[in-house]
Structure formats: C-alpha cells, structure tokens
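Just so you know, the protein sequences line up as chains A and B, in that order.
Under our numbering, the first residue of the first sequence carries the number 1, and numbering increases by one thereafter.
Under our numbering, the first residue of the second sequence carries the number 1, and numbering increases by one thereafter.
Be aware that a few hints might be false.
[Stated by the list, open to error] Simulated pairs of lysine to aspartate or glutamate, EDC-like, Cα-Cα distance not exceeding 16 Å:
id: 1; chain 1: A; residue 1: LYS152; chain 2: B; residue 2: GLU14
id: 2; chain 1: A; residue 1: LYS152; chain 2: B; residue 2: ASP64
id: 3; chain 1: A; residue 1: LYS152; chain 2: B; residue 2: GLU92
id: 4; chain 1: A; residue 1: LYS152; chain 2: B; residue 2: ASP3
id: 5; chain 1: A; residue 1: LYS152; chain 2: B; residue 2: GLU4
Hint data in this document are derived by calculation from the structure and do not stem from the laboratory.
Small disclaimer: the values here were computed from a predicted structure and weren't measured.
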Amino acid sequence: MNEEEPRLSAAELIERLEPSLAPRRRVRAVAALLAGLAGTVFLAALWGSEPGPLPGRTNLAFALFTAFCLAWAGYGGWLLGRRVPLFATDRVIAAWIALAASVTTTAIVAVVAAQRGSGLGVALSTGGLFVAVSAALAVRAHARRAALLRRKRELTGGAES
Amino acid sequence: MTDELLVVRAQLGEQPAMTELVARWRVPVWTYVRRMLDAERADDVSQEIWLAVVRGLPRLREPDRFAPWLFMIARRSVIDRLRGQYARERREFAAGDVVTDDPVEAMMDRAELISALSALPLLEREVLVLFYLEDMPVEDCAQICQVPAGTVKSRLARARRLLRAHLEEKGFRR
Chain A
1 MNEEEPRLSA
11 AELIERLEPS
21 LAPRRRVRAV
31 AALLAGLAGT
41 VFLAALWGSE
51 PGPLPGRTNL
61 AFALFTAFCL
71 AWAGYGGWLL
81 GRRVPLFATD
91 RVIAAWIALA
101 ASVTTTAIVA
111 VVAAQRGSGL
121 GVALSTGGLF
131 VAVSAALAVR
141 AHARRAALLR
151 RKRELTGGAE
161 S
Chain B
1 MTDELLVVRA
11 QLGEQPAMTE
21 LVARWRVPVW
31 TYVRRMLDAE
41 RADDVSQEIW
51 LAVVRGLPRL
61 REPDRFAPWL
71 FMIARRSVID
81 RLRGQYARER
91 REFAAGDVVT
101 DDPVEAMMDR
111 AELISALSAL
121 PLLEREVLVL
131 FYLEDMPVED
141 CAQICQVPAG
151 TVKSRLARAR
161 RLLRAHLEEK
171 GFRR
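From just these sequences and the hints, can you work out the full model?
Dropping the structure here:
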C-alpha cells in the first residue's frame with residue numbers, strides 16, 4: 001500500500017484556519033459584546049429613569065432598542081464562546097477595553113440619572129457590578145498571561161525569542 | 001523547539017507558533033484520521049479537528065500534554081462520524097474479550113501494518129494507530145481513548161493477534 005499524504009498542504013490548512021485566527025474577527029467579537037452590553041445598560045437606565053408614564057409607542061421603541069442591543073451582546077458572546085479564540089494577550093486587551101467601557105457607561109448613565117433626579121442608585125450599583133466584573137477579568141487575564149510568559153522564559157532558558 | 005514551548009507561545013497569541021504547531025502535527029493527525037476513516041472524509045475531518053484545536057487552545061491547561069489533548073479532539077471528531085459502529089463494537093468487546101496484560105514489545109513493519117489495519121475492528125485499530133504509528137505511550141493512549149491502561153494493553157494484544165492471523169492468512173494463500 002502506498003503511503004498516502006494529506007491533500008491539504010500546511011499552507012492551505014493554515015489558510016482555511018485563518019478566519020478563526022484573524023485579529024479582525026476577535027476585535028469584532030469583543031466590540032459586539034461590549035457595545036451590546038453597554039447599549040443595553042444605557043437604554044435600560046434611560047427607560048427606567050423616565051419621569052412619569054410613557055406613551056405606548058415610546059415604550060415599544062425602548063423595548064426594541066434594548067432587544068437590539070441584547071442581540072448584539074448575545075452575538076458577541078456566542079462568537080467569543082464558540083467561534084473565535086481569545087489568546088492570553090487578547091484577553092488582557094479585551095479586559096481593559098471592557099473595564100474602560102464599563103467605567104464610561106456607568107459615568108454617562110450616572111450623569112443622566114443625576115440630571116433627571118431618579119435612578120442614580122440603580123445606575124451606580126449596576127455600573128459598579130460591570131466595573132467589578134471587568135476588573136476581575138483584567139486581573140485574571142494578567143495573571144494568566146504572566147504565568148505563560150514565565151513558563152516561556154523557563155522553557156527558553158531565559159532567552160527572549 | 002519543544003511542543004510545550006510552541007503551545008505556550010501560541011496561547012500567548014503568537015501566530016507563527018500556531019503555524020508551526022499545525023505544520024508539525026498536520027500529518028500525524030491526518031494519518032490517524034485516515035487510518036480510521038476513508039480517504040474521502042479524512043481531509044474534511046482533519047480540517048474540522050484543527051478548527052477545534054485553534055478554538056480550544058487558549059483553554060488548554062497543560063501545555064506539556066498537547067499531543068494527548070490533540071488526539072482526544074481528533075478521536076472525538078472521528079467518533080462523531082462512526083458513532084454507531086463504535087457503540088456496537090464497544091458492546092461486543094465488553095462481552096467477548098478476556099483482558100490479558102501482555103507486555104507491548106513487538107514492533108511491526110510499518111507498511112505491513114498499514115495495509116492490514118483497515119481489516120481490524122475500530123477499537124483495536126485506534127489503539128494500534130496511536131501506539132505504533134503515532135508512538136504514543138500506553139498511558140497517553142488510555143487518556144485519549146478514555147479507558148484504563150489495562151484495557152489499552154488488552155486491546156493491543158487482541159489487535160496484534162488479529163493482525164497476526166490476518167497476515168498469516170495472507171501468507172498462506174500467497
């Protein structure tokens with residue numbers, strides 16, 4: 001029997017894996033997740049802090065926009081969970097972007113709530129939760145990256161490659 | 001450069017390391033898949049395995065255990081294709097085989113082995129491919145096939161017996 005060979009060469013195989021490895025796709029996934037979450041929080045805060053009863057059509061519009069943002073967040077989460085790998089360095093960057101987005105969204109929502117005079121507590125506690133989660137993710141991502149860098153140094157005998 | 005270093009670098013996000021890992025393990029993975037499946041499906045399944053590897057690599061906790069992890073993924077993809085056949089053979093194996101603890105020592109001629117492999121049942125074929133063609137230690141075969149090491153040894157013994165019978169039969173007829 002002849003020794004067969006794979007039909008795909010190494011270069012062709014890498015090319016087919018490219019979509020999963022492309023940085024653009026990772027950026028898109030992180031952006032979709034964060035923008036979706038930030039949008040959801042922002043809209044929910046606006047909606048919740050509206051003074052007085054709203055007309056049905058406005059309620060419907062708020063609900064639609066919130067659902068739209070949730071869908072983007074879901075899409076981003078699905079991409080990151082199932083489709084796009086986030087390597088250690090990507091995770092550090094993503095966690096910092098998440099922290100920045102959480103702080104910014106919290107600040108904007110808190111300012112809006114303060115101007116309207118209602119919902120400041122809810123805005124701060126929800127925003128605080130997001131900030132805490134993204135800070136925890138950042139700490140974890142840094143620790144993981146540091147551990148990998150340490151192992152890399154051990155394996156290369158201290159020489160940077 | 002060791003596999004572990006390549007994996008660590010790939011996990012950090014260094015794309016050349018990922019490329020090197022694919023280049024290094026492309027043929028072994030394909031060989032395993034090809035010995036388990038027909039030529040038509042081998043390339044597609046190999047590609048599917050590599051996609052799963054790329055997606056799962058950031059979560060691999062033991063970079064020094066890359067090869068067993070890689071073949072566990074490969075085996076999962078192969079099982080997906082042969083689900084019915086695996087289940088049937090597992091039942092037959094459990095019912096009909098006496099577990100022996102033969103030491104695995106005799107190395108077989110590669111070309112002969114490859115030609116005779118396709119005649120073997122799946123469970124025996126997969127340990128034979130992993131052990132002889134991929135040079136995996138018994139412990140790694142056990143981890144990949146998710147069975148105790150003793151079962152791997154008994155499957156190897158049975159596989160060798162079947163192979164011997166097959167080859168003798170061929171020799172007799174010649």
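Against the structure, the hints:
1. A:LYS152 x B:GLU14: Given pair A:LYS152, B:GLU14 holds - Cα atoms ~12 Å apart, limit 16 Å.
2. A:LYS152 x B:ASP64: holds, 12 Å
3. A:LYS152 x B:GLU92: violated, 47 Å
4. A:LYS152 x B:ASP3: Given pair A:LYS152, B:ASP3 holds - Cα atoms ~12 Å apart, limit 16 Å.
5. A:LYS152 x B:GLU4: holds, 9 Å
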